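S.K.: First residue of the sequence shown? That's 11 in the numbering used here, and the numbers climb one at a time after it.
Please note that the accuracy of each hint is not assured.
Okay, the calculated beta carbon distance ranges per label pair [as the list claims (entries may be wrong)]:
id : residue 1 : residue 2 : range
1  : Thr42     : Arg106    : 30 to 40 angstroms
2  : Gly86     : Leu26     : 15 to 25 angstroms
3  : Trp61     : Thr37     : 30 to 40 angstroms
4  : Glu110    : Tyr21     : 24 to 34 angstroms
Treat the hints as calculated values from the structure; they're not laboratory data. It should be emphasised that the depicted structure is a prediction, and the values quoted were computed from it without experimental measurement. The beta carbon of each residue, even a glycine, is placed where N, CA and C say it ideally should be.
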Amino acid sequence: FAKPSAWALVYLHMYLPDIPRAIYLDTDTLVTSDLGALYRMKMHHALAASWDLPVAFMECFPPLLRGEPSWAFDSGVLLLDLKKWASRGLANETERWIRESRGCWGDQLSM
Numbered sequence: 011f012a013k014p015s016a017w018a019l020v021y022l023h024m025y026l027p028d029i030p031r032a033i034y035l036d037t038d039t040l041v042t043s044d045l046g047a048l049y050r051m052k053m054h055h056a057l058a059a060s061w062d063l064p065v066a067f068m069e070c071f072p073p074l075l076r077g078e079p080s081w082a083f084d085s086g087v088l089l090l091d092l093k094k095w096a097s098r099g100l101a102n103e104t105e106r107w108i109r110e111s112r113g114c115w116g117d118q119l120s121m
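My request is simple: use the sequences and hints to build the entire structure.
M.R.: Written out as structure tokens, the structure reads:
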């Protein structure tokens, strides 16, 4: 990752060990309403984000995956279940993916 903030996001569970969840917002995100409902939403996975078109990431996929990807997400607004993130070893998995993808598109592909 080029941005230190992206690495901080991968290890957020270590910075906030007693916090069960966190909402991450990019610095250019404008909040116009209460984020409480987002924080309390039911989660099945360790990460919740909005879907994005994968067109921008196509340069990364040919060497990594077979076929055309149908998924990507916008990392500007994330909800993280920090307990699940830690217990499932997702920081290590993220690091592995960064190595495999050579950091292509940073956090949006690795997470």
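S.K.: It remains to establish, for every hint, whether it holds in the given structure.
M.R.: Okay, the hints, checked on the actual structure:
1. Thr42 / Arg106: 30 to 40 angstroms: With Cβ atoms ~37 angstroms apart, the hint holds.
2. Gly86 / Leu26: 15 to 25 angstroms: The hinted range 15 to 25 angstroms holds for Gly86 and Leu26, with Cβ atoms some 20 angstroms apart.
3. Trp61 / Thr37: 30 to 40 angstroms: 22 angstroms, violated
4. Glu110 / Tyr21: 24 to 34 angstroms: 19 angstroms, violated
Of the numbered hints given earlier, the model fails hints 3, 4; all others are met.
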